[in-house]
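Engineer: Residue-level listing of the chains:
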Amino acid sequence: MKFTIFQESRVGQRRTNQDRVAYCYSREALLMILADGMGGHLHGEVAAQIAVQFVTQSFQREAKPSLPDVVLFLSRVLSSAHHAILDYAFDKNLPDAPRTTVVACIVQDSQAYWAHAGDSRLYLFRRGGVAAQTRDHSRVQMMMDQGLLDAESAAKHPGRNRIYSCLGGSHSPQIEFSKRTPLHKGDVIAMCSDGVWGPIQTDVLSRGLSGPNLMQAVPRVMDIAEEKAGTTCDNLSLIAMHWDEDFAEDSAETVSTQTMALGSFTTQMEGFARTRPQGVPGVEELSDDEIERAIQEINSAIQKFSK
Amino acid sequence: MASQANYPLPSGFALEHYRIERQLSLGGFSIVYLAYDEDGTPVAIKEYLPNSLALRKEGEITPTIPSDSQAAFRYGMKCFFEEGRSLARLMHPNVVRVLNFFRANGTVYMVMQFERGRTMHDYIQKHKGDISERFLRGVFTRMLNGLREVHAHKLLHLDIKPSNIYLRTDGTPVLLDFGAARQTLVSDQPILKPMYTPGFASPEQLNGREGLGPWSDIYSVGASLFACLAGAAPLRADQRTRKDELIPAEKQFAGRYSRQLLQTVDWCLHLDHLKRPQSVYALQKALARRFGDDPVPASWFTDWSSRLRTFIGRQ
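Residue numbers (this note's numbering), protein chains in the order written: chain A, 1 to 307; chain B, 1 to 315.
Honestly, the hints are just simulated from the structure, not real lab data. Note that beta-carbon positions come from the ideal geometry of N, C-alpha and C, so glycine has one too.
Listed below are the simulated DSS-like cross-link pairs for lysine-lysine, each with C-alpha atoms no more than 27 Å apart in a straight line:
1) A:LYS304 <-> B:LYS78
2) A:LYS2 <-> A:LYS304
3) B:LYS154 <-> A:LYS304
So these bits of chain A aren't anywhere near chain B, every CB distance computed over 10 Å:
4) HIS83
5) GLN146
6) ASN161
7) ASP203
From just these sequences and the hints, can you work out the full model?
Structural biologist: If you want it as structure tokens, here you go:
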């Protein structure tokens, strides 16, 4: 796999950041996940954290290095994450289970699969246009679908934050799954919370993320959204991934998973405490199994390349 | 007690199906042995044994690893595996070949093809100040074929120096020791600081490793060329960054070598990486000129033996 990826989450004008983002990849599969904990409810950030952490950990357990069935995986882990949030609420005797939106995407064999509940979005940008996009599970989207509302008044509608599907909460989530979507070189997958897509138009997002240099593009797009939202700025989070198969044009930030160990993972996830300093990774313990696998893998490469 | 030195495995020791002959070299991270396989073919075996983390006393086989170093020891093993993974997929006559990889004695071993000859470092010592331009152009152009293959796999060598360039008895060079080679992206690992050799490492390597690229290896190639001319490594890049007192090769060795060669050396040794040759090929083209203006034989750029091998392999 070859891609460039960057994520960022900002608190905006709120007191706490209830958004959580993470990505994680093995040699053959990439997971991206974003959850927006719901502010009106207690412990929104707890729900978002549980969702992101649960899915990431399951991915690390099962993608070795690829997932046998991606759709099944998504369906199983998202509904388990929902139950994990309910369990947490039960353990802590919370009067009401915390809630979070979720959007998760897995890329494997150059094909993307995603699933979502709520109004956190995924866009697939291709050649400057929108090739695919999730449909919000929100009241206004439903009204728009029924022709009761146009996009302009939807953006101002007082109930535009009301969503009818999420993880946690008293109702089972309605999780919507994408079809299997082959990726082309240069495709960009962007996932964001409403703090990003709310204030800006889709074309600002698509133009802003069109190049491979996401390390600059993502913060720039977020600056625009933050500025537009002004003093009412919600938490905002954005993960963007530029799919890139071309060898020659790789920039230095491009990830190539070619020489990763078969069983190893690279994970980028913010800790639960927002103030935790970054860049203090622990020493990863290499297990006996991992050593055996690495050796086996090197020897099979020797066999393969010496022919 | 002075800094601990690890004892090598004893001569005659049976390691898997190899028999240890003697120690070839001892580094901070590993010991390299000459050994023979069951057919009597000589091989070089590299043993992962970082002397800051593991200790093998005289007469012992399995090294002692203090429990608080255990995690770091395993972590360093990852780098050793990375080297193995990098080399396993490189198949080039100017790059050392890996033959086998195994685990024993509480550590891991990499078996490589044994090459007869000597390092360029030894060659420089022996021929101090008396290395011909033709030799330099020929050896470096061929060595760069190997480096080109390394870069084509998106790897950087990051430790090119005369003692890592081996000259076979037939004069062809082989690139050795990929201990510092890393997939370009995997550089954000804080523990076990990357190793480099002062004088041959590029300024980027010494300054936080930002902006590493093929040009960083090219700096080291320039420094190795310089060492051939001067008989010693050039001034360290970090000192040069503070105050550049390196006298350009064009001034220092004027008259002894052609101007174009000396300019090429200075080109590689630019502190600003953007001013260096940006690819190995660009450097090869500059080196592959003879004293006049006639280009060197095209055969320097390719290796018939490797092509032949590929053809045979495909059948």
